[in-house]
Amino acid sequence: MELSQTAFEQLRTWIHEACGIYLHTGKEYLVQQRLGAMVKEEGCRDFPSFFQKLRNSRDPLLKNRVIDAMTTNETYFFRDQHPFDTFYNTLLPAMALKKKAGIKSKFRIWSAGSSTGQEAYSLAMLIHEFCTRTNHGLSPNHFEILGTDISEPVLEKAKKGIYSDLEISRGLSPERRSKYFTKISENRWQLSESIRGPVRFQALNFIENFPNLGAFDLILCRNVLIYFDEATKRRIFTHFASILEADGHLILGGSENIYGISTAFRSKKEGMTLLYEKMNGSGLQTALPSAVSRFYSSA
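Its first residue numbered 1, the sequence shown is counted upward by one per residue in the UniProt record's numbering.
Fair warning: there could be bad hints in the mix.
[What the hints assert, rightly or not] Calculated lysine-lysine pairs in the PhoX-like style (CA-CA distance at most 20 Å, straight line):
{"hint": "1", "residue 1": "K183", "residue 2": "K157"}
{"hint": "2", "residue 1": "K53", "residue 2": "K40"}
{"hint": "3", "residue 1": "K63", "residue 2": "K53"}
[Stated by the list, open to error] Just the calculated beta-carbon pair ranges, DEER-fashion:
{"hint": "4", "residue 1": "G214", "residue 2": "R188", "range": "31 to 37 Å"}
{"hint": "5", "residue 1": "E17", "residue 2": "E186", "range": "39 to 45 Å"}
{"hint": "6", "residue 1": "R133", "residue 2": "E186", "range": "31 to 37 Å"}
{"hint": "7", "residue 1": "G43", "residue 2": "G271", "range": "22 to 28 Å"}
{"hint": "8", "residue 1": "R234", "residue 2": "S4", "range": "31 to 37 Å"}
{"hint": "9", "residue 1": "E17", "residue 2": "S194", "range": "20 to 26 Å"}
{"hint": "10", "residue 1": "N212", "residue 2": "L61", "range": "36 to 42 Å"}
{"hint": "11", "residue 1": "R34", "residue 2": "E208", "range": "30 to 36 Å"}
{"hint": "12", "residue 1": "R200", "residue 2": "N89", "range": "36 to 42 Å"}
{"hint": "13", "residue 1": "R133", "residue 2": "E208", "range": "38 to 44 Å"}
{"hint": "14", "residue 1": "S57", "residue 2": "Y259", "range": "36 to 42 Å"}
{"hint": "15", "residue 1": "S173", "residue 2": "R55", "range": "45 to 51 Å"}
{"hint": "16", "residue 1": "K183", "residue 2": "K159", "range": "44 to 50 Å"}
{"hint": "17", "residue 1": "N212", "residue 2": "I261", "range": "50 to 56 Å"}
Rather than coming from a laboratory, the hints here were simulated on the basis of the structure. Just so it is clear, CB atoms sit at the ideal spot from N, CA and C, and this is done for glycine as well.
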């Protein structure tokens, strides 16, 4: 089905206003691929008539279907690996020392743009493994992981914790597959309650007013901001800074950074991972290495 430049501009503007995703010129094919079938399903003869229906509709289901179609839900367990190594080897030891010193007893992590839940559950697996490794006073009950996404269908899948053969083969070692999953039917595997327990999911649209989520010790927003324009990114970074604990951290995707967009954070390289801490926080460059050294010397 042909997509005129006018129809592309109309749909591009609507999508940007609805969910913050900005489609650059040259992405016309993406709209054709992802919305073409929906145009016919909605009984519209072409993209302009579909846009008119979308603009005038009061049906939230149609709006959600378009947003779902235009968002990318590519994810897998332990994606890119190095952020998870940094979490396990650097951030968790620092949290353990805070718990041991009586500074803090509850740690909150936000997986922003969690899709079908693999990132949040990967973190939960590492927490489970870390807490059973040494006697440091931490347990999974000391953690809360929040996963948010704009798409209700992917969140429903995440909440169930049921994955296909292909999904559990991507990023998971045979040992973790055997330890944390139970086969419940052909091509369907259920994640254990011990891993699902600390994790909850809720819908969140970055373009709308943020709900009161509380403060976080760690925010992961990976491979999400690449779809937004600078004004939207700036607003999101400002919000991240407002709800990040003074010594908390932000992790972005490998192709994302804050430079030229926000001055609310400073950065520090930990292995292959770039950690961001808000500017009014405590000294990242000395706090993390010393905390990790103290943890491993006392373990």
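Here's how the hints hold up against the structure:
no.: 1; hint: K183 with K157; in the structure: holds, 16 Å
no.: 2; hint: K53 with K40; in the structure: holds, 12 Å
no.: 3; hint: K63 with K53; in the structure: holds, 10 Å
no.: 4; hint: G214 with R188: 31 to 37 Å; in the structure: holds, 34 Å
no.: 5; hint: E17 with E186: 39 to 45 Å; in the structure: holds, 43 Å
no.: 6; hint: R133 with E186: 31 to 37 Å; in the structure: holds, 35 Å
no.: 7; hint: G43 with G271: 22 to 28 Å; in the structure: violated, 54 Å
no.: 8; hint: R234 with S4: 31 to 37 Å; in the structure: holds, 32 Å
no.: 9; hint: E17 with S194: 20 to 26 Å; in the structure: violated, 42 Å
no.: 10; hint: N212 with L61: 36 to 42 Å; in the structure: violated, 27 Å
no.: 11; hint: R34 with E208: 30 to 36 Å; in the structure: violated, 22 Å
no.: 12; hint: R200 with N89: 36 to 42 Å; in the structure: violated, 26 Å
no.: 13; hint: R133 with E208: 38 to 44 Å; in the structure: holds, 40 Å
no.: 14; hint: S57 with Y259: 36 to 42 Å; in the structure: holds, 40 Å
no.: 15; hint: S173 with R55: 45 to 51 Å; in the structure: holds, 49 Å
no.: 16; hint: K183 with K159: 44 to 50 Å; in the structure: violated, 20 Å
no.: 17; hint: N212 with I261: 50 to 56 Å; in the structure: violated, 25 Å
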